[in-house]
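Go by the hints and put chain B onto chain A.
The listed protein sequences derive, respectively, from chains A and B.
Sequential numbering from 1 applies to the first sequence in this note's numbering.
Sequential numbering from 1001 applies to the second sequence in this note's numbering.
By construction, these hints were calculated from the structure, which means they are not laboratory data.
Don't take each hint at face value.
[Claimed, not checked] Covered by chain A, according to a simulated footprint, are these stretches of chain B (three or more residues, beta-carbon under 8 Å):
(1) 1129 to 1142
(2) 1161 to 1174
(3) 1302 to 1313
(4) 1343 to 1350
The model shown is predicted, which means the values in this text are computed figures rather than measured ones.
Glycine included, C-beta positions come from ideal geometry on N, C-alpha and C.
Single-letter residue listing:
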Amino acid sequence: MVALCCCSVAHALTSEQAGKIAAGDSDERIAALNQAVVSADPVLVPFIQALLDDAVKTAGGKAFIVRDGKAVDAASGAPAALPADAQDVVNNNRMRRELDAAVAALGLVSPDRGARAKAIAALKDQADEGKLPLIDKAVAAETDAELKVQLELLRAAVLISSADPEKRKLAAKALSGSKSPATRSLLLERLGAEADPSVKAAIQGALDSVQGQLAWGERLGVLFTGASLGSILLLVALGLAITYGLMGVINMAHGELMMIGAYATYVVQNLFKTYLPGAFDAYIVAAIPLSFAASALVGAVLERGVIRFLYGRPLETLLATWGISLVLQQGVRTIFGAQNVGVENPAWMSGGVQVLPNLVLPYNRIAIIVFAALVLAGMALLIGRTRLGLFVRGVTQNRRMAACVGVNTARVDTMAFSLGAGIAGLAGCALSQVGNVGPDLGQGYIVDSFMVVVLGGVGQLAGTVYAALGLGVLNKLLEGWAGAVLAKIMVLVFIVVFIQKRPQGLFAVKGRSAEA
Amino acid sequence: MSSLTLAPHAKRGLLLGPRGWAVVAAALALITLVVPGLNLLLPAGHPLHLSDFYVGLTGKILCYAICALAMDLIWGYTGILSLGHGLFFALGGYGMGMYLMRQIGRDGNYKSDLPDFMVFLNWKSLPWTWSVSDSFIAQVLLVLLVPGLLALVFGWFAFRSRIKGVYFSIITQAMTFAAMLLFFRNETGFGGNNGFTDFKRILGHPLATENMRVLLFVITGCTLLGFYLMSRAIVNSKYGRVLQAIRDAETRVMFTGYNPLAYKLSIWVLSAMMCAVAGALYVPQVGIINPGEMSPAASIEIAIWAAVGGRATLIGPIIGAFFVNGAKSWFTMAFPEFWLYFLGALFIAVTLYLPDGIVGLFRRRKEGRS
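Next comes chain B alone, as it looks inside the complex:
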């Protein structure tokens, strides 16, 4: 049995080549300097001014890109298609949402210490699930722990009995579907149908200001960049190699003396936690979280971002998330009728003609030229 430590790639030593690091540095500058500058420093009428709307939209898509990256680790590199990642995303969002709900304080419609929906349900005190909800640190820990633990338990049972392929996909779908039904109930204690919304502030600072929006954007962007480098380290390590071997021939990996359980389980939990972080970053930016995020359709969409961009490449899912969601916001503004046609056609076209996604398309052209 090999250990699970992340051994750096033997030959390269560094994670990326000089050009790679330059690109990373450029991306970092774009996120931390260019976008905030264009939004905050330039006046609204300036041709290069980046409007609040676009900062918000891009911040949202950055969260989606984290999900797509997480999906890529588990699907693209390990060959396990999860149709339940939306659940981890939503759980992370709910974890953050609980804290934000408590931050509303007495500014809600009912001027009560309890969140509005609890007053509405005539509850007198917070349920036990909310016991640490007034502490930011504790809720952030919960954002990581709850989805991580759920993924650990679920994955342990599933991988131990060697459920794989489509079976695994379908039971993950059942998992998120069951969770959605559970969260739709008012008695579950998370706002039922409406979920959480009307947030006012975070850590005592008001949420609906330009500076806060840009700050959240920068944090999200840096998180994505960090996750990208982490994923890069993982897939280049020996551990990552075993994951890819499991994807290509799991039986053979077992016959050579590896136990795939620990590998699959660890990457599954990591991927779930990445999604949860994305959810936690998503909620303060979008200002709402409801059980709709747990619908099976939302989870399948995450898979399509990864597939469109290109599975088993790390940049692909990020491109895919931007491409699909950019198209979505354009279509739903310009031709709302046609968005689902386009998305459906995209699903079909990518699976039929672009098995390696957009990245594969460029790679093929490059190879054709040289």
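Chain A on its own, in the form it takes in the complex:
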């Protein structure tokens, strides 16, 4: 209250004060600065700025701002003659920090709402008790409800390191309403430093309450990153679900088909950058169909040229497609170089939506989840509702019967394989938005994608979906608990054990074969 009273009597910066801020012992200068800040005189801002820019000279207890060879009196702003014995002001790091904080504190009483919000954010890390009177003043003057809450939190954050235990207790109580991770670390830090048991209990209570509120954000965060990883796995595995799941081709070059899709995106991006820089943000619209087409074309060539001859010999197919993957990788190295290439996100994909104080959902991740859902829906329609889908299912179930009723099975094989390859291309296009694009892009996913298909049950699209999302969330949950590498190992071990128990995967086709 005392502080508030003296603030209400706003007094302008006197030249004596300005002189004290500019010259003397650091402690005295800081005290003078804090005292001056409380008054929030508009002249103070250019003065402090000048101090930070080393454009202040002192002479005879007065401060002068010297810019472009012209001197003005720091307090009145009037032009003045610079005395001959004027000396430069030297600011050490501590002084500079204080000056920075003072600039931020002055922003608290700015008429512009944006400037005030910025000042609050800046002060979160550098406020001390010296700024308290000004913060109090700002709390009293603040009209915006949201900013007022933030200001009160800021005051509590300052107060919790106060010398008075009662003030600390009050501050802890005020902080318990906060939802920000910064408050948690502040409380944790103070908890360690606190000596007074009653205050300690209050801080502990506040910490529990803050943690309770943060926990939800964290849980949702894990769920979201899990869903995001799951949707990537789904995109990666969907193509394989057709080529391996439906057609039974062990396609070790699947990852390289994804790589081709990613490089197609890169090429489209470069074309847009060169010829249509105005429409750069829309390049992804052109890249999606082109990455599909590029991979589908390569897939069709592979099927016609190599894989067609190996149907029914899965182990040989595995080796041949591995060879294909080596050739494709080296081909990309020859054309684009061995280094990773840069694919930029369109502007609308950067940033994210803040759902909770500690939970930001990046737009590019959201876009991939939506994209995976769309691809899945499209594929389900294609397989379930179109003539081609009908043929594919027919050929898978009984090749000879399908041939008997006039289905051109060889053509259906080619179409189905290039469809699977095209979907791999789409996955590559999506991956280019969240990760590195390089010749090794596909290698990292090949084991994962086979795991997803095998876990879901070969020949089962629904199984693939559940397996991808389940593995994604499981992986992220374990990651929070055991670290990324151990989580990955645990997931692999889990899959190996799971396959022992259920060799047919999650969703098995029921049959009577002794081989099943």
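Below, chain B without anything else, positioned relative to chain A:
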């Protein structure tokens, strides 16, 4: 149930015919006399002098040939394609590498009793996994036991639930991939990314001498020859016949009253241990072991050696290992850009046009002539 003893082939009595034994004797002479002689006795400028580089390279390829032979037993003769044999090879290598690391003694960069990487990680004592690492005998036993035990446990679970074909291949790939991730971690205690290197001596003798190089070469060559004869005995025995029957029609073998589990499991473990021996011989010759040996690609390469040379023949995989690795060292010197193109094309061509590999090619020509 038949027993698992190795019954010698009924008709022949001996393992090989007289010509076969002559070839084996010639190979033995080549390994133990000709190569060491050409390397050690002839002066460096002599046209017939075999340089250290080639002795080292051939020694390395001999290790690969052991792997290919092991792969052939499990894939060529039993029809189980393992994409995880690189793991057993690497485990054997790590077993030997641990001993060699301890042999460095205080000659490392940090002049400590502990291996350098442990000093670097600020560890004060050896982890439990290293408890017998100062004994050569114990580490050699570990080289056999650890991969053998891993293969036993893994195989028992896999074969018991009748996982086969591609499923088995993929879970073996997952196994070696998981192990690679594990060994990449510094906390696992095996040197992380860099693995083991900078070895100084073995059994108290310095490693980087001509004599040691030739000695290791001779040991490796004799091991390969021994494994070849052993494999020969196995595939000609009744046990070997059952293995081939399992490869051709496992269901029928079961219906005739055999339980394939014991057969598959035993040959799987044996094959894994052969790979581990190859790894243990490989490390002192090459001087480095790191988790890269466990990458899925390394394991697939072992399969391609066997496939290129000719599956289900014993000499084929050895020829394949020499052909592919010889081509590799030539290409990576002459046209490094084109090596992967060649290897990829080789994979495709062999599967499409040479189902029986190089050996099959010669056999076909022979049959065509007669």
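Now the hints, each set against the structure:
no., hint, in the structure
1, 1129 to 1142, "violated (count 0)"
2, 1161 to 1174, "holds (count 11)"
3, 1302 to 1313, "holds (count 3)"
4, 1343 to 1350, "holds (count 7)"
Consistency with the previously given hints fails for number 1 only.
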